[in-house]
Amino acid sequence: MQCLRIATLALGLICSSAASFSFAQNISAKIQVCGACHGPDGNSKIVGTPSLAGQPKTFLENQMVMIREGMRDIPAMKGQLDGLSDTAIISIAKFYTASQAISQAGPRDNALFEKGQVISKEALCGTCHLPNYVGRDQMPRIAAQREDYLLYSMRQFRSNQATGRDTIMAASLYGMSDDDLKAIAHYLSQLQ
Amino acid sequence: MKQRLLSVATLSTLALSLMILQGCATAPTPKAEAAKAPVAAAPAPAPAPAPAWKQGMGPDMASSKLAPMPGKMTVTAASEIPIDKLKLPPGFKIEVWATGMPGARAMARGDDGRIYIGTRAIGRVYEVTDNGKERTNRVVVDKLVQPAGVAFNNGSLYVMAINKVLRYDGIEKNPSVAPVDLTAKFNLPSEQHHNWKYIAFGPDGKLYVPFGAPCNICELPTPEYAQIRRYNPDGSGMEVLATGVRNSVGFDWHPTTKQLWFTNHGRDWMGDDKPNDTLHRMQKTGLNYGFPYCHAGNLPDDVVKKANPCSGVEQPVTLMGPHTAVMGMKFYTGNMFPAEYKNAALVARKGSWNRTQKTGYDVVMVKASPDGKNAKITPFITGFMNPADQSFWGRPAYLLQMPDGSMLVSDEQLGAIYRVTYNKRQVAAK
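Residue numbers (my numbering), protein chains in the order written: chain A, 1 to 192; chain B, 1001 to 1430.
Don't read these hints as lab results, they were simulated from the structure.
Incorrect hints may appear among the rest.
Stated by the list, open to error - With a straight-line cut-off of 25 Å between C-alpha atoms, the simulated SDA-like cross-links for lysine to any residue are:
| id | chain 1 | residue 1 | chain 2 | residue 2 |
| --- | --- | --- | --- | --- |
| 1 | A | Lys182 | A | Ser159 |
| 2 | B | Lys1376 | B | Asp1272 |
| 3 | A | Lys57 | B | Trp1353 |
| 4 | A | Lys115 | B | Ser1064 |
| 5 | B | Lys1258 | B | Asn1374 |
| 6 | B | Lys1065 | A | Gln117 |
| 7 | B | Lys1143 | B | Arg1167 |
| 8 | A | Lys121 | B | Trp1353 |
| 9 | B | Lys1143 | A | Leu84 |
| 10 | B | Lys1085 | A | Asp137 |
| 11 | B | Lys1258 | B | Thr1378 |
| 12 | A | Lys182 | A | Ala143 |
| 13 | A | Lys121 | B | Gly1271 |
| 14 | A | Lys94 | B | Gln1390 |
| 15 | A | Lys115 | B | Lys1065 |
| 16 | A | Lys121 | B | Thr1356 |
| 17 | A | Lys121 | B | Asp1272 |
| 18 | A | Lys57 | B | Gly1271 |
| 19 | B | Lys1065 | A | Ala98 |
| 20 | A | Lys94 | A | Ile74 |
| 21 | B | Lys1143 | A | Gln80 |
| 22 | B | Lys1143 | A | Arg155 |
| 23 | B | Lys1143 | B | Asn1153 |
| 24 | A | Lys94 | A | Lys115 |
| 25 | B | Lys1065 | A | Asn132 |
| 26 | A | Lys94 | B | Trp1393 |
| 27 | B | Lys1376 | B | Leu1299 |
| 28 | A | Lys94 | B | Ser1391 |
Full structure from sequences and hints, please.
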């Protein structure tokens, strides 16, 4: 939450002098605010905060719109995107989609990695997220995402708590054990 | 996504679908439960079940990369819409009438001429006001769960989301009127998948509401799905009119017979060319349209089987193409278009995702006799999709005839509404 406080403070400073900023400067200031938690290049080093680098542009746009509209409710993001224009959202999405995803994973557990590899294949994750799991269009990159975030997110989907997000994923994970999800998260987080 | 399209099936549905996929005689035990089960009773771990929209996907399609098309949730400026790419028959013209409404789907026209527009993922209902020169829009309500259904009746706007029914009395005169919540009266079922709505008032003054099957292909978890029903405007007097309707999201009443005609989406993952989406006619109530055992009136399902699956199943007026996603339809009753359009149905086909080569992405004219015989389909608006490189930029979804006989067409992809007009002199000019 410390990062949130910093981000909110920074946002306040930016807003107070917004009139003098050009659109491009506004976007770059906004991206600095995002970077406080998500990493300056979109590769998050903070537990619980997802990496945005290398995510498909449409996916980023859709999520920002859903968060702004209040359809997707994330306590740490509350208010962060209020009033942000669609044009600004598209610019921010462009920045992160162009940034290279870099795995933040720790040491590999070979057994867990292999288990995750098998389950991901059996569960047909690659149909939508593509066989190398880099995502496309409205479907996120899951390769090189943070392990803790992947696990958190899949648990949310599985228990139907992923409010405002695509409910397809809930059905995709139904019936999977926590051990399965841990293996998938470990495997995907190790990929580039 | 969205198209986010597809929503969740709950435990019961998935359990059933699992049963179907595995051909089990008893209910399967999901993995999570299997892990906790006592050793003596522990069954072999079940494979991860397919998501609702992938149920029935055969092993031959397991390596497929087909997935729902991405929707666009941001505003598209008129200058960014390649309207020049659209092709219509001679004498017709199409223009951008309104834009800036991401996710725009079904339209309903108020008594004073305001247009109300439903959406799915973005959760909004829009209102468009036309001052004669330009159109402006505002959001009437937001944060609803797929408020796709909009209808106007006796001065009131009706909004139907998957889990909510709201009525805005006198909204055209009083823009900030608080809605009356009718949800409890409608007894909406719990499953979300395929339960976003198209709604409309019939010539009988009743509100017609479809309830889609909560899966791609499955035995229904409870009987309240795959139906078309009608209600009194206050939600009382519910009647089930049709069963076996997989997912209808468009209908209209024939101008002379007053019978309901409706579009219906066929299932996915049965191959590129089957089954077809369909156009149906409700010649009487109580008919069965086949789901889940029989598709398009004559094609037995390959997963959910029973003896004589197509026996007694009502036949479609016409096949509408495999996976084309038939959406809104309107019988043309205006005087602006040429005589051959009178009483013909215009049908929007949003376009396929579950097919190697894209199909649909157009509006077609269906001419048939009033009893549904001799249906013939001809293109009306094409150019949203480029067959050569398989790219698309728009997805026509719904139609609304204006008092002057022009036709509005909503584009769900770009959140825009186009207006189609006809002028004989435009034919001569060409």
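Status of the hints after comparison with the structure:
| no. | hint | result |
| --- | --- | --- |
| 1 | A:Lys182 - A:Ser159 | holds, 15 Å |
| 2 | B:Lys1376 - B:Asp1272 | holds, 22 Å |
| 3 | A:Lys57 - B:Trp1353 | holds, 20 Å |
| 4 | A:Lys115 - B:Ser1064 | holds, 23 Å |
| 5 | B:Lys1258 - B:Asn1374 | holds, 19 Å |
| 6 | B:Lys1065 - A:Gln117 | holds, 18 Å |
| 7 | B:Lys1143 - B:Arg1167 | holds, 16 Å |
| 8 | A:Lys121 - B:Trp1353 | holds, 22 Å |
| 9 | B:Lys1143 - A:Leu84 | holds, 17 Å |
| 10 | B:Lys1085 - A:Asp137 | holds, 23 Å |
| 11 | B:Lys1258 - B:Thr1378 | holds, 23 Å |
| 12 | A:Lys182 - A:Ala143 | holds, 14 Å |
| 13 | A:Lys121 - B:Gly1271 | holds, 22 Å |
| 14 | A:Lys94 - B:Gln1390 | holds, 24 Å |
| 15 | A:Lys115 - B:Lys1065 | holds, 23 Å |
| 16 | A:Lys121 - B:Thr1356 | holds, 22 Å |
| 17 | A:Lys121 - B:Asp1272 | holds, 24 Å |
| 18 | A:Lys57 - B:Gly1271 | violated, 30 Å |
| 19 | B:Lys1065 - A:Ala98 | holds, 24 Å |
| 20 | A:Lys94 - A:Ile74 | holds, 22 Å |
| 21 | B:Lys1143 - A:Gln80 | holds, 18 Å |
| 22 | B:Lys1143 - A:Arg155 | holds, 24 Å |
| 23 | B:Lys1143 - B:Asn1153 | holds, 24 Å |
| 24 | A:Lys94 - A:Lys115 | violated, 34 Å |
| 25 | B:Lys1065 - A:Asn132 | holds, 12 Å |
| 26 | A:Lys94 - B:Trp1393 | holds, 19 Å |
| 27 | B:Lys1376 - B:Leu1299 | holds, 21 Å |
| 28 | A:Lys94 - B:Ser1391 | holds, 21 Å |
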